[in-house]
Structure formats: C-alpha cells, structure tokens
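Residue numbers (my numbering), protein chains in the order written: chain A, 1 to 188; chain B, 1 to 299.
If you're looking for bench data, these hints aren't it; they were derived computationally from the structure.
The C-beta atom is built at its ideal place from N, Cα and C for all residues, glycine as well.
Treat the hints loosely; a few may be bogus.
Here's a subset of chain B near chain A, in silico, CB distances under 7 Å, partners left out [to be verified]:
| hint | residue |
| --- | --- |
| 1 | Glu70 |
| 2 | Pro249 |
| 3 | Arg254 |
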Amino acid sequence: MGFLDALFARTSLPKSNEDKLFAMTTAAVGLEASAGIRPSGRSGVVFKRLPAGRFDQLKKDIVDLLRLQGESDGLTVEDRLDDLGFQWLILVGPDFQEVVPVIHSAATTLLEEGLGDLLLACAFRFEREGGAAYWIYSYKQGNFYPFVPVGDHQRDNAEELRLAAVAKSELPVEPILERWYALWGIPV
Amino acid sequence: MVKRIGTDWGLNVRMFLTLFLLACLYLVFMGALYRFGIPLGFIIVVAGLMLLAQYYFSDRLILLSMGAQEVTEQEAPQLHDMVGRLAALTGLPKPKVAIIDSPVPNAMATGRNPKHALVAVTTGILQALDAEELEAVLAHEFSHVIHRDMRVMAMASFFATVASFIVQAGLWGGLGGGYNERDDRDRGGSFIVIFLISAAVWAISFVLIRTLSRYREYSADRGSAIITGQPSKLASALLKISGRMERIPDSDLRTVQAGNSLMIFPAITRGSVAELFSTHPSLEHRLAKLQEMESNLSR
Numbered sequence: 001m002g003f004l005d006a007l008f009a010r011t012s013l014p015k016s017n018e019d020k021l022f023a024m025t026t027a028a029v030g031l032e033a034s035a036g037i038r039p040s041g042r043s044g045v046v047f048k049r050l051p052a053g054r055f056d057q058l059k060k061d062i063v064d065l066l067r068l069q070g071e072s073d074g075l076t077v078e079d080r081l082d083d084l085g086f087q088w089l090i091l092v093g094p095d096f097q098e099v100v101p102v103i104h105s106a107a108t109t110l111l112e113e114g115l116g117d118l119l120l121a122c123a124f125r126f127e128r129e130g131g132a133a134y135w136i137y138s139y140k141q142g143n144f145y146p147f148v149p150v151g152d153h154q155r156d157n158a159e160e161l162r163l164a165a166v167a168k169s170e171l172p173v174e175p176i177l178e179r180w181y182a183l184w185g186i187p188v
Numbered sequence: 001m002v003k004r005i006g007t008d009w010g011l012n013v014r015m016f017l018t019l020f021l022l023a024c025l026y027l028v029f030m031g032a033l034y035r036f037g038i039p040l041g042f043i044i045v046v047a048g049l050m051l052l053a054q055y056y057f058s059d060r061l062i063l064l065s066m067g068a069q070e071v072t073e074q075e076a077p078q079l080h081d082m083v084g085r086l087a088a089l090t091g092l093p094k095p096k097v098a099i100i101d102s103p104v105p106n107a108m109a110t111g112r113n114p115k116h117a118l119v120a121v122t123t124g125i126l127q128a129l130d131a132e133e134l135e136a137v138l139a140h141e142f143s144h145v146i147h148r149d150m151r152v153m154a155m156a157s158f159f160a161t162v163a164s165f166i167v168q169a170g171l172w173g174g175l176g177g178g179y180n181e182r183d184d185r186d187r188g189g190s191f192i193v194i195f196l197i198s199a200a201v202w203a204i205s206f207v208l209i210r211t212l213s214r215y216r217e218y219s220a221d222r223g224s225a226i227i228t229g230q231p232s233k234l235a236s237a238l239l240k241i242s243g244r245m246e247r248i249p250d251s252d253l254r255t256v257q258a259g260n261s262l263m264i265f266p267a268i269t270r271g272s273v274a275e276l277f278s279t280h281p282s283l284e285h286r287l288a289k290l291q292e293m294e295s296n297l298s299r
C-alpha cells in the first residue's frame, strides 16, 4: 500500500486473491463426486453501491461487458439490487469454466477503477439434498467458505462443516469460522 | 472414572481436587500406618482393598454426586431407542441409561466393563443437540465403553497412587531409620517433607494420566466417526456443547463489512499449559482431526 493509498485509506487487495477464485472452476467437478452437491448454474458477484453517477455508468459498462462476454457462451446476466442496497450481478449458466472468468472480469473492472473496496464476495450456488448450498468467495480474505441457509435466518452448521472438510483439498477454505459470514436472502 | 465431552472448567477443577484429596488421604493414611510400625505387606493389602472398592464403586459414587437418575424405556423412549440402536450397531450389550438434571450440556459413560456400562446425558445436552448430533455424542461414549477407557484410566490412577506410595515408603526407610532417637517435633517435620514428595509424585503422574486421557478422547472421536459415518455431526455437537457454535456467525457479510476495512479479528490464543491439565484435547485439535476424517471418508 502506497503513501497516498494510506492517506486516503484505500485498501489494496493482495494479487494472489484473483487466482484463488479460479480454484472453483476445477473444484466444482470434484465437489459433485465427494460432497454430493452439484452446481445449480447460478453464480454471482456482490458489491456495494455508490450513490454517484459515475458508479451507474460503471455498473452499466460492467453489465454490458458481461452480456457481451456471456452471450457467446450462452450465459445470461441478471442485475439485482438486494434489500440491504447491495448490487448483485448474477450469471446463469451451468459451466464454471465459462462463468468464473466472466465474474472475474467484472471484479477486475472494479479493481481497475480503484473501487476494489466495494467488492464484497462471489457466490456459487449448489444443489444438495433438501435445498441449496453456497460457496462464498470473500474478497477481503481471499478464501472460500460454505453457507447453507435453512428456513428463516438459520444455517445448517453441521453441513457447512462437512462441506468445508470435504472441499479442503480442492478449495482454499477460510480456516477461521468467525469469518464465515452469512448472506441472508441471497438472490443467487 | 467418568468420561466427558466438552470443557467445563468448574467441573474439571472439582474433579481434580476430589481425586487429589482422595489420593492425599490415602497417602496420609498409608504413611501413618507404616510410620506406626504396621508391616508393609498388611498395608499393601489394605491399600489394595481400598482401591479395589474405589474401582468398583467410584462410577456409582460419581453418578450419585452428580444426581444422575436412571431412566426406564417409558420415561425416555427416544433416548433408549438411540442407545439400543448403537448397541446393536457396535455389538455391545445395551448399557443402562441415565439423565442428569443439569443445564450444562454434557454426556458421560461409566462402568468398569461393557456389561456394567451406563451412559448418562444431561438435560442440557438433550435440548442443545439435534438427533444426529446426539447420536454422534453417544457413539463417542460407546467408543469409550468399547475401548474400556474407564478401566484403563482407573488402572492408571491406581498405579499413580501406588508409585507415590512406594516413594513414600522408600523415603521412610531411608529417613526414618533412626527416628527413635529423635524428639517428636523432628518426626513431625520429616513426616511433612515425605508427604509433600509423595504428593508431588502423584501430581506428576496426574499430568501423565491426563495426557493418556486426551489420547483416548481422540480415539473415542475416531470411534464415533466410524460408528456414525458422520464426523461432522460430532464436530458440530462439540461446537454446540462448548458454547461456541456462535463461532460461525449469524451476522451478515454485507452489514459487517459495509465500509469497515479497519475491522480486526481477535486472535485466538490457547494456553498450552491449560491443556496439559485437561482430560480433553482442545476443541481446535479435535475439530481438525474430525475434519481430516471427514475428507478421508469422502475419498
């Protein structure tokens, strides 16, 4: 972090984080066999909104970029605003080999504009017996963690611990449980 | 001997003090007998009988002191059902089932052999855990019964007492040889010194026993994982029992990190000295091992 970054309290993200996201492309296949969950074809990236007009233009650019990239691969893009005022860009397409690079390019655009701080997480939805399971990629930690919501505002901790144990060899799993923050009402 | 899951410092301290005072009582008693010229062979027989009585009755005594009530199949049908299923699965005779009226979530197994085994759970654990987690905890207790841990630990503490007694006897032989010529005050002084040394020997063996106990906990965890095939159920039960299920937060990533890049996470420091005296390994270590088993199972 440079002097100016420190002065303006801009946090820069470690570079290696970007590669870690790509671990999901190969892990998805293995997770189906070992953990009994399979990709549902929905994944997304969530970031904080800025009120300014520049942000709206930027978001529009990103959505256009995603649509452009996605179309050739048959991906569709959803643009959602959640209850907490966070911006979600959701990609619908079954193949993580195609989805992850597109999500990554959205994140990169924000990073290049110096808005890396806004980036919160990526979410990958999986189907399991009895509901959905999510793998969340936190940009702050650069690690993945499981999130299995059940019912209203509850999570299945046993299943999350199981998923984390099984995925450990394939994904960089966040080792500190206190950082496994929930994403209630996740639109992915 | 009692096996427990989770860490409960109050109980641990009480248990340690009870055992320590019990051992001190033995040592004072034996030392006094020997000191007053009663033959060594006779003392050893008496000590043996006392320890044998402890071995046979201590489990019942401990249960009694904890207020464990044996329950019939009518009173706790689901619990009995679960215990019966685990017994069938492990090929053990079905142990007796007891419930302890306590809000502290805990479970234990006692009994010197599988035929006399008793599994006790607190009302707190029945409330805290779901069926599968409770099954994992009971399977852990079953593993203790299978491994005959109650016997192993009773033997170990027996030898600890014997060892410190031998030290005591040896010192009396060396120091007390010419005590006839000394006055009463001197005798009192060497009595205390010798007693302190043998108490120290006992305390050292106590630490060693605790080490042994922690290894037996790991194997009981492993046993539970093998019996249920679901290590993560035991893992989440352990988290719940330890009151640290909140470690996986309920709070939302968006509300927590909104504009908050200065947040610091408390570093978890665990005292290794504390673990030295504990009968159970730290939660972190147990969770790590369970995780390893989970990933081995899926392979």
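Worksheet entry | Unsatisfied constraints (hint numbers, rising) | 1
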